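**Q** With the hints as constraints, model all of the structure from the sequences given.
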Amino acid sequence: MPADPSSPPAAPRFAARPSEVPSAGIALRLEGVVRRFGDVTALDHFTLRVARGEVVGLLGHNGAGKTTTVRLLAGLLAPDDGSVAVHGIDPLLDGSGVRQRLGVLPARPVVDDRLTGTQNLAFAGAVFGLPAALIAERAAELLATFGLTDRGDARVGGYSTGMRQRLSLARVLVSDPDVLLLDEPTAALDPVAARQVRRTLGSLAREAERTVVICTHDLAEAEALCDRVVVLAQGRTIAEGSPAELAGAHGSGGLHLEVSGDSTERAMALVRDPAVAGELGVERPAVEVVEPGRLRVRGVARDAVPILIRMLLEAGVELFEVRRETPTLEEVYLALHGEVPDEEERA
Amino acid sequence: MRWSRIRAVVRRDLTVALGSKAVVLPALIVPLVLLVVLPAGVGLAPRFVDAASFGDIEQVLAALPASVIAGLPSDPLLQAAVVTVTYLLSPLVLLVPVMLATVIAADGIAGEQERRTLEGVLLTPLTDRELAVAKLLAAWVPAVVLGVAGAALYAVTANLTVGTQLGEPLLPTVEFAVLVLWVGPTITAAALGAVSLISVRSKTTQEAFQLGGLVILPVVALIIGQATGALLLSVWLLAVAGLVAAALAVGLVTAAARALARPRLGPRLG
Numbered sequence: 001m002p003a004d005p006s007s008p009p010a011a012p013r014f015a016a017r018p019s020e021v022p023s024a025g026i027a028l029r030l031e032g033v034v035r036r037f038g039d040v041t042a043l044d045h046f047t048l049r050v051a052r053g054e055v056v057g058l059l060g061h062n063g064a065g066k067t068t069t070v071r072l073l074a075g076l077l078a079p080d081d082g083s084v085a086v087h088g089i090d091p092l093l094d095g096s097g098v099r100q101r102l103g104v105l106p107a108r109p110v111v112d113d114r115l116t117g118t119q120n121l122a123f124a125g126a127v128f129g130l131p132a133a134l135i136a137e138r139a140a141e142l143l144a145t146f147g148l149t150d151r152g153d154a155r156v157g158g159y160s161t162g163m164r165q166r167l168s169l170a171r172v173l174v175s176d177p178d179v180l181l182l183d184e185p186t187a188a189l190d191p192v193a194a195r196q197v198r199r200t201l202g203s204l205a206r207e208a209e210r211t212v213v214i215c216t217h218d219l220a221e222a223e224a225l226c227d228r229v230v231v232l233a234q235g236r237t238i239a240e241g242s243p244a245e246l247a248g249a250h251g252s253g254g255l256h257l258e259v260s261g262d263s264t265e266r267a268m269a270l271v272r273d274p275a276v277a278g279e280l281g282v283e284r285p286a287v288e289v290v291e292p293g294r295l296r297v298r299g300v301a302r303d304a305v306p307i308l309i310r311m312l313l314e315a316g317v318e319l320f321e322v323r324r325e326t327p328t329l330e331e332v333y334l335a336l337h338g339e340v341p342d343e344e345e346r347a
Numbered sequence: 348m349r350w351s352r353i354r355a356v357v358r359r360d361l362t363v364a365l366g367s368k369a370v371v372l373p374a375l376i377v378p379l380v381l382l383v384v385l386p387a388g389v390g391l392a393p394r395f396v397d398a399a400s401f402g403d404i405e406q407v408l409a410a411l412p413a414s415v416i417a418g419l420p421s422d423p424l425l426q427a428a429v430v431t432v433t434y435l436l437s438p439l440v441l442l443v444p445v446m447l448a449t450v451i452a453a454d455g456i457a458g459e460q461e462r463r464t465l466e467g468v469l470l471t472p473l474t475d476r477e478l479a480v481a482k483l484l485a486a487w488v489p490a491v492v493l494g495v496a497g498a499a500l501y502a503v504t505a506n507l508t509v510g511t512q513l514g515e516p517l518l519p520t521v522e523f524a525v526l527v528l529w530v531g532p533t534i535t536a537a538a539l540g541a542v543s544l545i546s547v548r549s550k551t552t553q554e555a556f557q558l559g560g561l562v563i564l565p566v567v568a569l570i571i572g573q574a575t576g577a578l579l580l581s582v583w584l585l586a587v588a589g590l591v592a593a594a595l596a597v598g599l600v601t602a603a604a605r606a607l608a609r610p611r612l613g614p615r616l617g
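Residue numbers (our numbering), protein chains in the order written: chain A, 1 to 347; chain B, 348 to 617.
Calculated directly from the structure, the hints in this document are not laboratory data.
Remember, predicted model here, so these are calculated numbers, not experimental data.
Watch out, some of these pointers could steer you wrong.
[What the hints assert, rightly or not] Some chain B residues close to chain A (C-beta under 10 Å, calculated; not the full set): (1) S351; (2) R358; (3) R359; (4) V363; (5) A364; (6) S414; (7) R463; (8) T464; (9) E466; (10) L469; (11) L470; (12) T474; (13) D475; (14) E477; (15) R609; (16) P614.
Positions of the beta carbon are idealized from the N, C-alpha and C atoms, including for glycine.
**A** Here you go:
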């Protein structure tokens, strides 16, 4: 039976993390990594440290270096300079040991079309050294989790793109890895399936204290799942922090003012007054009337909001509500890349 | 090396190969035609055609040792059938394992890159050595097993058609056994090494098939040499041919194993 998309999906019940693994400490480390492909520098002195149990999002355009980062961590590529370690082990020295602890979902589904869904999962389990009985148990559980139970014995060649992606994710989880590297995990999924996968990933990350790195273009996904976000551009980190920290540091945001209808013009004039702008410490705040009695002001820093409120009240503006809007990660991302969403996009 | 991982890859590769008509059809049709239909036709021919239909086998007869010629039947038609089945066609048993190894290796290496499933294999705990051993065994073992089975089928066909007319079995001779059990596996290993090297560099399975097809040329040369009497395959000659193939196999398989490793495959993933 396929999983009911409306019901919250249950995460597979795998073993708890070994108690001897401390929750603190660094699980993944890239130090000053340089990786070139011919004339193209995919990573340029890139440094990333991910703590055990942390969920980190790698954001960036195509070619920013996200996939290269994943392949370096898995030992598929060697850095031209710098060092890479997974749980303190260099993947080039003990690649097998590193990959035994990793679950890597590549950007493209890697399940084999000529095998059935169950056979694909059985291969993954066998090559990770799991006993046959455990493989069968986990395969059944994962097929159910991803709504593929009734297609488990069908060849993957007949699956839709979304089903392949879900099976790929199930394949990654068969070995119950304690580090997940997920390259665009919901890229090929429809919105319902993507939401289901996000919920499952969230549960997996939290319940078992897995270390997770998610490469994504989907900023809402990063915002929902990640403790920390690293924004990459041309192989370098251009911003890093929690979604809230990034919003505070890089987002301009906006200020919604609700005033009496009679006060609208007075409030507009005051905000546009160059002397007031000087008091607020900005060159000229942008102000617009959303509707009579409702104004939206941009360009006012968080610290200047109390000053603006005082000046509005002193000017006799009847002020009912002041609300600061939090910029979305998308706005932060666009701002970091020198693009500002227009009003239509914002709406 | 963990053999459980190698077994998992071999089992998977064979299941995947059996799911492709491009692999299964040649694996069924070629042995059937070369090792059953052809010797059966030759073996039954003395009952239905005249001696001229066999063409000129004088060169072969001239190259045969006197002891062998003395043992040939006096009937020219039956004599021609015995010589054809025992000497001229028998090197065909080498074609089957070489062709099968080519097809399976091209599908398992170039095909895996083309289907974009290689990355999924590289991301498992398999070491580079385990990966290479698994990929090579997945092609070599079934090719050799089916090659020996095909040779047995060839011998049975020859005995049922020509042997029944002689009143005694024709095959296996010592030369035939050496050909099947020594030259076959070694030449298959050499061919597999060459095809694996080609497949790693090929973008598509078709490209690997086409370039890999060149590995049957040494086998064809052996067949022509035998047919013209220029290179009669004695036990000693076969033993030496097997040694040469084994030496080639060591070099080519070692090179293939180096190519089937992450430092070479990783940057090609795209």
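**Q** Each hint should be assessed against the structure and marked as holding or not.
**A** Here is what the structure says about each hint:
1. S351: 6 Å, holds
2. R358: 8 Å, holds
3. R359: 5 Å, holds
4. V363: Holds, about 5 Å.
5. A364: Check passed: Cβ of A364/B comes within 8 Å of chain A, closer than 10 Å.
6. S414: Check failed: Cβ of S414/B comes no nearer than 53 Å to chain A, outside 10 Å.
7. R463: With a minimum Cβ separation of about 5 Å from chain A (threshold 10 Å), the hint on R463/B holds.
8. T464: Holds: closest Cβ of chain A sits about 5 Å from T464/B, inside 10 Å.
9. E466: Nearest chain A Cβ about 5 Å off; hint holds.
10. L469: For L469/B, the interface hint holds, since the closest Cβ of chain A sits about 6 Å away, which is under 10 Å.
11. L470: 5 Å, holds
12. T474: For T474/B, the interface hint holds, since the closest Cβ of chain A sits about 5 Å away, which is under 10 Å.
13. D475: Hint on D475/B: holds, closest Cβ of chain A at ~8 Å, below 10 Å.
14. E477: Interface hint status for E477/B: holds (8 Å vs cutoff 10 Å).
15. R609: With a minimum Cβ separation of about 5 Å from chain A (threshold 10 Å), the hint on R609/B holds.
16. P614: 7 Å, holds
Hint check: a violation occurs at hint 6 only; the rest are consistent with the structure.
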